[in-house]
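K.L.:
Sequence:
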Amino acid sequence: MVLADSESAVILRLRGPLDLKCQLDSIDEVPMQKAISRTFEALRLQVKSESCVLAVCNSPVLIWPNKSVFEEITPDAPCEDIFQFIQTDDKETSGKRSTKKKNKKGVSASVINLSLMMEATKPGPVSAPILTRTVHKSHLLCATLPMDCAVWSSCSDTIKDGCERLMKALTCQLFDMEKVTLQCMKGTTLRVPEPLHFLLPEPNGLVTVVFPSGVLDKELEAQRRELHGQFELPDNRPFFRRANAYHFPNETYRDGYLRNPHTFLTHPTLDNGKVYLVQGIYSYHHYMQDRMDDNGWGCAYRSLQTICSWFQQQGYVERGVPSHKEIQQALVEVGDKQASFVGSRQWIGSIEVQAVLNHLLGVTSKIMFVSQGSELASKGRELANHFMTEGTPIMIGGGVLAHTILGVAWSETTGEIRYLILDPHYTGVEDLPVITEKGWCGWKGPDFWDQTAYYNLCLPQRPRVI
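Under the UniProt record's numbering, the sequence shown has 235 at position 235, and the numbering climbs by one with no breaks.
In case anyone wonders, no lab produced these hints; they're calculated from the structure. Do not rely on the hints blindly, as some may be mistaken.
Capping the alpha-carbon separation at 27 Å, the derived lysine-lysine pairs in DSS-like fashion look like this [unchecked claim]:
#1 Lys179 x Lys21
#2 Lys48 x Lys67
#3 Lys34 x Lys21
Using the sequences and the hints given, assemble the complete structure.
P.N.:
Below you can see the structure in the form of structure tokens.
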């Protein structure tokens, strides 16, 4: 499934469980595989039957896609009409698409969630139950398949057309799940197939992939390499690791950190200028988070945590974001600090950030030395090249202050430059309007830097992995 690059796109997302129950008369490999295939074929027939129902979440809208029955709405209505039936958290009718967000790829990210259900009763008289008892030895394989399909639809497309695409995706996903189930069986032990969505570079868009659950990313390299070939992707970036799974805009992050606040800012306009930005997702780490009072000394630690979150959320590493103590311990382990450094309130700088990234994540970094802040205005080409090729957040330290650079707006003809700064000195709650409107994440001019102070910039490099 592909998400088109459109100014008026809706994602129709269908989720729901399907019970896989397979009776095995033999546990020999060939007959067992045939029995499983027959069970998946029965499930495909089930979702094509007239008992299949799609329920629009938080609304009274019900759809019987296989017999073209629509309750509360007409099949020829545009998809965007569904929004007027969806109840918001404050129980008011959401006729306006006020929650529509637009990501940096230009895709309008409105999501309509639907639940997959099956009618349990049939029309007509109910027959009296008949009980029979048969003695028969067999094995029963049981699993719950977590169906999760997402298709793109234009707001002007009809609901009927959108549902037809959903049902086609649902059938295709059952074929993919059958393939994964048969490939990953260990005796009579099933690995439940897990559908994941990934937002790939254009022209691919949003695609859905089925992986076996419980299998580590490092064990799926062959499958990922095959997918890279299928979608003509470079083999030096981990597009299909689980951490890269697409995060739908209507879902919240459970850890409480803000993601990518810079995407809500307006880019500066420069004469013949271009904007070069961080690529991917990061978490905003700043003073006073995690029940840690680091006000006045922890800004470089927080910038480092933001960088670590980027590598984690791009799938390069599986370890979590290190705490202040873990950062300090890493510097002791590499011989940069004495044991008494652990638990202290001492500052760190760009060189220490470089050492920790290498020790904890295996990530190398380049260091850019700037003898005085006024020279940063002439570093547009180097910074633009970094964001084009590496796309990682940059930590910059000077004096007792540290910041995170997320991008630059730079004019090659005039040399004019602006810096996109994520400020770790913020001490408030995760209030996005305050953070963006008060400049804690914002575009800054060359005068933002102390013109006479020296600065070191740590430019992390992407590992070349698939």
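K.L.:
Work down the list of hints and note, for each, if the structure agrees.
P.N.:
Structure-based check of all given hints:
| no. | hint | in the structure |
| --- | --- | --- |
| 1 | Lys179 x Lys21 | holds (16 Å) |
| 2 | Lys48 x Lys67 | holds (10 Å) |
| 3 | Lys34 x Lys21 | holds (14 Å) |
Checked against the numbered hints above, the structure breaks none of them.
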